[in-house]
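The primary structure of each chain is shown beneath.
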Amino acid sequence: QSNVTLYGRVDLSVGNLKDKVKNTSTTQMFQGGDGGLTTSRWGLRGTEDLGGGLKAAFKLENRFNADTGASQDPYFKGESSLSLMGGFGEVKLGRSTTVYDDVRGLGQSRDVFDSAFTASSNGVFKSGGDYASRFDNKISYYSPNMGGFYAGIDVSLDEKAGVSQDKYAFKAGYKQKEFEVALAHQNEKDKSDKYTALAAMYDFGSFSVSGAYNQRKGSAANGDDSEYALGVTVPVGAWAFSGGYAYSKTKDSAGGAKNGKASGFALGATYALSKRTRLYAGYRDVVVKNNVGAKTKDERLVAFGMRHDF
Amino acid sequence: QSNVTLYGRVDLSVGNLKDKVKNTSTTQMFQGGDGGLTTSRWGLRGTEDLGGGLKAAFKLENRFNADTGASQDPYFKGESSLSLMGGFGEVKLGRSTTVYDDVRGLGQSRDVFDSAFTASSNGVFKSGGDYASRFDNKISYYSPNMGGFYAGIDVSLDEKAGVSQDKYAFKAGYKQKEFEVALAHQNEKDKSDKYTALAAMYDFGSFSVSGAYNQRKGSAANGDDSEYALGVTVPVGAWAFSGGYAYSKTKDSAGGAKNGKASGFALGATYALSKRTRLYAGYRDVVVKNNVGAKTKDERLVAFGMRHDF
Amino acid sequence: QSNVTLYGRVDLSVGNLKDKVKNTSTTQMFQGGDGGLTTSRWGLRGTEDLGGGLKAAFKLENRFNADTGASQDPYFKGESSLSLMGGFGEVKLGRSTTVYDDVRGLGQSRDVFDSAFTASSNGVFKSGGDYASRFDNKISYYSPNMGGFYAGIDVSLDEKAGVSQDKYAFKAGYKQKEFEVALAHQNEKDKSDKYTALAAMYDFGSFSVSGAYNQRKGSAANGDDSEYALGVTVPVGAWAFSGGYAYSKTKDSAGGAKNGKASGFALGATYALSKRTRLYAGYRDVVVKNNVGAKTKDERLVAFGMRHDF
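Residue numbers (my numbering), protein chains in the order written: chain A, 1 to 310; chain B, 1 to 310; chain C, 1 to 310.
Keep in mind that the hints are not guaranteed to be accurate.
Note: identical chains are not told apart, hence a pair may lie in one copy or across any two.
Keeping only pairs whose Cα atoms sit at most 16 Å apart, straight-line, the calculated EDC-like set for lysine to aspartate or glutamate is [what the hints assert, rightly or not]:
hint, residue 1, residue 2
1, K275, E48
2, K160, D19
3, K261, E159
4, K275, D49
5, K275, D309
6, K258, D158
7, K77, E180
8, K261, D285
9, K55, D309
10, K18, E159
11, K251, E90
12, K191, D130
None of these hints come from the bench; they were simulated from the model.
If we strip away everything but chain A, and leave its shape as in the complex, we get:
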């Protein structure tokens, strides 16, 4: 069947989550997204050459919890899209990641593999829990690479009569072989939070680094957040070692109850059994403090796992 490629990934790990505030410890199997490298998935994708430099493409991607076999919701949570591509760039319709989420990914790309082990995950970056990584009903335009420069814009239609709650995101970046830097902004008009991300990556050959600065101009309920992360990844043969550090500071213009600080530290290693299969281990330590400096979260994750692509 040449029109469609069936692909996927199963990622499972076993580890321990220690809650140092509640003083509990749980040994668990993780489905990947919650304590491993990536969420498990299967999907269908294809590209058709329409002639004249024009191409059509589609992608449908289910996400599931491999530890229990449960599908995540909606069914094609990962992506459900249709694209038309050409010299002009790409127009994509449907559900897929926002360009803002792409730039966040770049900023964590060397920070323990942009995984559940990444230092900024699990509450260190407060914005992580409330921005939309994907938009439904989205019309996107991605520019072609213009001498290294690229840009993209997303518009998600609110589909409601009498209100104006479309969501927007845009990004602009510059990419060379060893270097990439990008800026993005996301505005979800159905809530008052606005998100800005600045991210960069540099590959020095024997190691590579990524850095992120995010800013949330938040609602009264969320507060304003300033977020910083740095990661380094070192490939050694079939191994890749990585470490990351993340820090955030939340300010509350209203009263101060939202004020707080959070930090995370993470280490990880992967070992490639083949191009498609790797074993991995990860460690992540997260501390979140409220406006009077009390720890509201102090959590340590350690896990060992396996990831297989097909």
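We have chain A; now place chains B and C onto it with these hints.
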């Protein structure tokens, strides 16, 4: 994998739905079935040659909303069937479209591509909202082509002890290269409505036409419905242009409160970028009036979209 | 696509279920698992050679009701697993059948095809309704074949802080070409029931037999169950004929209200239209009596069906 074919379709459009009764207007992304050519789907199908002219076949088809990635319910809503085929025709078990629905499809085949733009859709044909297009627990027999004549029958088992609520449908038709006419009837014994459809298609080469006459002998809640539709499609190179008109009249033997009239007018065009990919535009205008002539619906749909088969 | 195999099975039958206690009779379409050979399914699986005798494998299997198109829940109910295999055996992570369930399957393998027609199904083996055939969050180790001997162990992590409700199962067996015997035990620590199974199979060439003895050390709510089954299967060309008998006795250490007896008798035949497609017929008669000898269930199933693998 020779035993199974993986196939599907992604259909997405962007347009405007104007409600002239409420005086609202909404710009939307449509998943196809609600404002485009067809509902998006993916499926598995296969045929096995058993020798002696006998074949086994199966089809499993999921329908989904491509604008949000949500699966429709049940999972294999489109079809979930197993067939045995031979010189005797075909016996099919499981869930699939009724033969009555097939004939309705024939009657709208040239009426803006039997799509969301079709003149009779969205309330003009009152029966459209209450007949079952597919039966579960269905045993079907489809005759072979007998000198142009064909027939089919569906029985859906009620699976309840002590009641007799099986559902039935049958069709009979005649088909030549340029011409097809068919009659169908559907009786869903768990409600008192009965449906009859007469449909025809003629292909004149430079254009083709389809016509439909449906009749619902309805329950007190629904009333009796007489429904008429006419469509014409003109292919011009990679383009196809189509227009349709539909009209219905509802009579209420009880009091008269169900009396009413409805009409729809539709225009559409498709442009084939390839055999598998097309761009399209459509327009549909629907007016529904109640027993005193007041408009209960006055709606206009305009949308532009893309459909890709794989 | 060499990395993944798409496979499945559609099994549908039509038959009659007669409840001789309520004196009702229902003609139904069965989805396979409830009145046919097996539950319908589709799945993805693959194996990757990692070199050095090591292999990675995955399997994702959805189960669905082919009569209505509904997916069973969770989505990959059949299996969702990732394995690493080598000379040491196999380590499997995720959701899949327990080794105890494997041994139960062996004990019914010649008893009308381990299907819905199997004599012990539908209430004769009381344990059938309450043991977990699959574990989530499971770590399994399966030994290699060691001169005919094999063993396996399952551990399912409870994933709860402060409790110890992991589930366990193990099996040990011996297998030759014509003969197999195995013992298994399952302990689900979130309830007080414990399950033990002893199973054997012998293939005499012109016919083969299977036998099962199961024991449930039950909670107060369930009682203790002793279960026996015998089955014989006779292949004749494209046909296979099979019959089975099962019996169980429940003892209640507490009061006696749980005391009771149950028996089942079953007959079936399959006819292979090809390697992948078969027609079948089955008959199953089940009687369950309570502590005073009154029939609480007296049920007869007759069905004819078709099963197709892809």
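Failing hints, ascending? Violated: hints 3, 6, 7 and 11.
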